[in-house]
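So you can see what is in the structure, the chains are spelled out below.
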Amino acid sequence: EPEVTQTPSHQVTQMGQEVILRCVPISNHLYFYWYRQILGQKVEFLVSFYNNEISEKSEIFDDQFSVERPDGSNFTLKIRSTKLEDSAMYFCASSQRQLNTEAFFGQGTRLTVV
Amino acid sequence: AQSVAQPEDQVNVAEGNPLTVKCTYSVSGNPYLFWYVQYPNRGLQFLLKYITGDNLVKGSYGFEAEFNKSQTSFHLKKPSALVSDSALYFCAVRDIKTGANNLFFGTGTRLTVIP
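If you read the protein sequences in the order shown, they are chains A and B. Under this note's numbering, the first sequence has 7 at position 6, and the numbering climbs by one with no breaks. Under this note's numbering, the second sequence has 161 at position 115, and the numbering climbs by one with no breaks.
Rather than coming from a laboratory, the hints here were simulated on the basis of the structure. Treat each hint with caution, since some may be false.
To be verified - The calculated BS3-like cross-link candidates involving lysine-lysine, where the alpha carbons are at most 25 Å apart (straight line), are:
| hint | chain 1 | residue 1 | chain 2 | residue 2 |
| --- | --- | --- | --- | --- |
| 1 | A | Lys43 | B | Lys123 |
| 2 | B | Lys143 | A | Lys58 |
| 3 | B | Lys115 | B | Lys95 |
| 4 | A | Lys58 | A | Lys43 |
Claimed, not checked - One-sided excerpt, in silico: chain B residues whose CB lies under 10 Å from chain A:
| hint | residue |
| --- | --- |
| 5 | Arg88 |
| 6 | Gly89 |
| 7 | Thr144 |
| 8 | Asn147 |
Only a predicted model underlies this, so the values are computations on that prediction, with no experimental measurement involved. Where a beta carbon is used, it is the ideal one built from N, C-alpha and C, also for glycine.
Sequences and hints are given; from them, build the entire structure.
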């Protein structure tokens, strides 16, 4: 069964450093997403990406965040200057275009900012 | 604005008993509704969805959910709980009116099935 894969599974970084979280969505999917889950809290939408551009973003997704699809398979989330409050589990997801289709989630990257 | 409420942080049920995990939603238009399950150190796994048609939808692992438009609810149910069902369950909504593809999640309900 096809699945979304994320690397690394856990990343520790110092405050102020840049991090790149990587994802390989399901190959025939067209929409790609990043969500985050701060420990003990709900899953929050960050950004969606379609046709090589951002289609929606939340207020969390400020100028320190960026997304990219550098090739035909990878989808990345970059945090330019990490803050302590960026510590969270980051989930990548993908779906087919239609609104009535479910999103498939990766296993997540646990980001710890120290 | 879209929102999802899961009023119970924790649900405990004995193995073999029926279980219900509650979810209510608020959207400006018609909703697409989803349930996901999260096992420890794992990502979110899709369980089932309501798009249109029958109000009772069936999904993976014997779970089902009932869409109730008048009560704006989408409760998750299973006739006979298994210990292996113990996990964190998230309800999510997508608002058709906005056309946005992103999901809004509830805060999650931790289900514990007691042997």
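Consistency of the hints with the structure:
1. This hinted pair checks out: lysine 43 of chain A and lysine 123 of chain B have alpha carbons roughly 21 Å apart, not beyond 25 Å.
2. Restraint check: the Cα-Cα separation between lysine 143 of chain B and lysine 58 of chain A comes to about 17 Å, which is no more than 25 Å; the hinted pair holds.
3. This hinted pair checks out: lysine 115 of chain B and lysine 95 of chain B have alpha carbons roughly 15 Å apart, not beyond 25 Å.
4. Between the alpha carbons of lysine 58 of chain A and lysine 43 of chain A the distance comes to roughly 17 Å, so the proposed pair stays at or under 25 Å and holds.
5. Because the closest C-beta pair between arginine 88 of chain B and chain A is about 6 Å apart, less than 10 Å, the hint holds.
6. Hint status for glycine 89 of chain B relative to chain A: holds, with the closest Cβ pair at about 4 Å, below 10 Å.
7. Hint status for threonine 144 of chain B: holds, given a least beta-carbon distance of 9 Å to chain A, under 10 Å.
8. Given the 10 Å rule on beta carbons, the hint for asparagine 147 of chain B holds: about 5 Å separates it from the nearest Cβ of chain A.
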